[in-house]
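> Single-letter residue listing:
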Amino acid sequence: MRRVGSIALHTFKESVRDKVLYNLIVFALLLIGAAILFGSISVGVERIILVNLGLSSIALFGLLMAIFIGIGLVWKEIERRTIFVMLSKPVRRAEFIVGKFLGLFLTLTVNTAIMTVGFYAALFYQQRNLGTDDLLALQAIYFILLQLGLVVAVALFFSCISTPILSAVFTLCLFVIGNFLSDIRWFGQETGSAAMETLTAVIYYLLPNFGDFNVITRVAHGLPVPSYLLIGNTLYAVLYVTIVLSAAILIFEEREFR
Amino acid sequence: MKAGVLAVSGKRRVHLVCWALLVAGFVGIVPLQQRIDEELRSAGMFADVLYFPSGPWLRRASLGHEGLLADIYWTRVVQYFGRQRLERATQFELLGPLLRITTELDPHLVIAYRFGAIFLAERPPRGAGRPEEALQLLRRGIVANPDYWRLWQDLGFIYYWDLKDYESAARVFQAGSERPGAMVWMKVLAATVSAEGGAIQNSRLLWSEIYRQAENDQIRQRAREQLAALKAQEDLQNLDRLLAEFQERQGRRATSFQELVAAKLLRGMPVDPSGTPYRVGADGRAKLSSKSRIDLRLFQ
Amino acid sequence: MFRDPHAARPQLFQELRTPTMFAVETIDLTKDYRVGFFRKRRKRALDGLNLQVEAGEVFGLLGPNGAGKTTTLKILLGLIFPTLGTARILGKDLGDVSVRARIGYLPENPYFYVHLTAQEFLNYVAELFGLTKDERKRRVGQLLERVGLETSRDVPLGKFSKGMVQRVGIAQALINDPQLIFLDEPMSGLDPLGRREVRDLILELRKQGKTVFFSTHILPDAETLCNRVAILNHGRLQGCGDLRDILQLGVASTEIVLEHPAPELLAELESKCDSVVATGDRVRLVVSKEADVAWVVKHILHAEVKLVSLNPVKTSLEDFFLTKVGTDQAPQAEHGAAPGKPGGGR
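If you read the sequences in order, they're chains H, Y and C. With numbering that gives the first Met the number 0 applied, the first sequence closes on residue 257, and no number is skipped along the way. With numbering that gives the first Met the number 0 applied, the second sequence closes on residue 299, and no number is skipped along the way. With numbering that gives the first Met the number 0 applied, the third sequence closes on residue 345, and no number is skipped along the way.
These aren't lab readings, by the way, just hints derived from the structure by calculation. Among the hints, erroneous ones may be present.
As the list claims (entries may be wrong) - Subject to a maximum C-alpha distance of 20 Å in a straight line, what follows is the list of computed SDA-like cross-link-like pairs (lysine to any residue):
hint : chain 1 : residue 1 : chain 2 : residue 2
1    : H       : Lys12     : C       : Lys161
2    : Y       : Lys263    : Y       : Arg278
3    : H       : Lys12     : H       : Lys75
4    : Y       : Lys10     : H       : Lys12
5    : H       : Lys12     : C       : His114
6    : C       : Lys161    : C       : Gln118
7    : C       : Lys158    : H       : Val90
8    : H       : Lys12     : C       : Asp241
If you're wondering where the values come from, they're calculated on a predicted model, not measured in any experiment.
Bound conformation, chain H alone (with noise of 0.2 Å):
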């Protein structure tokens, strides 16, 4: 699978030069850095109130982030015609779907990376030490980066099927009912009625379940997090992102390319 590290390198090469991503690090560094301010103004709560903000700034700009670069890919290829040169090489298209995604991802790591560097960096002002303790933020930082995952796979799939604006407004739309799933699942079981019971149970099962990835609060406050949640979500994520993959090459291999 020569071909697919390839496609990867490119794309996160090509999103890597983007400037709007640069913008959004900045951001996000900017953010964790007024969490010291935040919490210095605050009794007896500086730390938990730098990791959970620290934290949630890592996971929002990740997935500003995610549905940027992950909305525009297939479709500025396609849009650009660039696409014409890359599917006349010995590329399959499911190599360059996957190739993409991985390429994003990469992205997303090292992105995800840099903040989590300044967010340690911002922890350790405050503190002056580190202790084992401050590691339990890799365990949210990590369930942060499956969600990214996620996230990219998603925005890819509505990338080789929409437009950028309505991938980005389908795949906010998806992480926000995503988040709220066991809410729809219990107003399901709530209403009583089997129908809605079915119908709910089916969306449940679905639609990407983003809930299960938030531990921010609980690392916060410095419980750590289940081992299987952990072995879960990781297993989670890769199913996920195959089923979503799966289903973006589907249809990008009917597509024509005129």
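Once you have looked at the hints, place chains Y and C on chain H.
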């Protein structure tokens, strides 16, 4: 048709693989999600309760829709609390933060203070067993809604019921009774609590007020159980008195309430509020039947 | 290895029973596009195209805009799928990705990643072909030199002119040293010098024994380069054959330009001329019969009018276009750069 066969055999293989992965993905994801849900429930963790951990932050992020968000959070509180109770879980660690966020989002959502405080204050497994946090919550509520006298009632209730601090309770009831629109019984309560402390009639008054105002099934159920337990406790005290009287008259212990009925001390077999007959214990004192649904541990 | 492509369809191509491997072969290739947003209608862009291109040929696909040239190329490259029929490239069915290792493709009006330099882009393309690092370096250097971009190798493609982009496009099409090269309007956007370079390049490829399949709507390009041409209009094959055969069909005409001719002279000449067009001081005469040319020239010289130019025009291919196509759409015989083509010649 003719085009298909020759032209797309490679494509067809990709299709097959993709469909297989798609189906396999969902076949894997359903049990995985169920497993995660199960583990989360058994660990008493309700992972996605808190979307964002800070109320003020969320308030700004909601771009003016914080009232709606507060309602969502309040729903989550009820749901979270209900689930934890249902699962007999003893951890309610997220209850405090949830309530804090809810009331930070909408400081005038009094129901969140009122019943949130009860959830928080009650001892496990019925609640989080954190009366101090409940007091804080109510005090914040009073600051935000100074004219709402019911919050004083609830504050006094926590002192009275959970902390057994009758002096503070009486003081709070007194202060509350001076708020505009406060019911007269608040004044009475202040006096009796101050004089008698934790007498049964005071408890009954407080719980029946809660029962009357409950807008939520969990609270209403809780108050009903509590009132039943109070009634049973009162019954047991009365029955003990009758048993003592019987012993004084007959010179021996009664072994059942039939003997009391025969001695015309009782008009019929006494039953507890759940409809189960009381029994006489080996120590000669009135007891709840083992089949009774009344839970006296509520007082412990 | 090689299966007789006609075994399964004996009703077709009875004359092609010999198992010759064509570089490109299309069989009843048909493409319908759906147009319209609410009520989808079908528009036939390509209608039962049958072509055979032999190895080592320079094959021209000619036709006016919208004739189906680009559609044909895109089907062959797997960018769109035929509605009916099929095609084989180097003996492989459509959809066989492996064959693309042996072909090159220059899309019409190409556009590449603006953030990459010419060198980076070519290197990326070479990676997709699985070339080793040394091979890549050698090949990229070679091609940059060949298309005359060695001094701009580190300039981002976003800063390239249209002509430079076209050159990069040609370089990327040749990166894998392909046996078969598809060029969609390779001369468009190039200045006269660039056009000559591309012509030389195609001739050089022919010399190396490569097969070149290119589309154009500019006749002189086809005239200079092609062994054989196919002419398309409205998705249908109008004619296909040896260029020389088609050339013999036409009759050459002569174009004569005069300065300040007397009106009496023009009136006299008019009977022998196909057309008389005055532009300012000059008058352009077209004489189609070769026998009349001497008569016309004699009269002009006799009238002592200044003769500006006299050109025999080989419009044979244009004539072919006109007779075959002209009723529907006039061919474009301009020699300059291709104008913008809305709709992209589908």
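> The structure should be examined with respect to each hint, and the outcome stated for every one.
Now the hints, each set against the structure:
1. H:Lys12 x C:Lys161: violated (24 Å)
2. Y:Lys263 x Y:Arg278: Holds, at roughly 17 Å.
3. H:Lys12 x H:Lys75: Distance of about 15 Å is within 20 Å: holds.
4. Y:Lys10 x H:Lys12: violated (29 Å)
5. H:Lys12 x C:His114: With Cα atoms ~9 Å apart, H:Lys12 and C:His114 stay inside 20 Å; holds.
6. C:Lys161 x C:Gln118: holds (17 Å)
7. C:Lys158 x H:Val90: With a Cα-Cα distance of about 27 Å, the restraint between C:Lys158 and H:Val90 is violated, given a limit of 20 Å.
8. H:Lys12 x C:Asp241: It is violated: about 48 Å lies between the C-alpha atoms, which goes past 20 Å.
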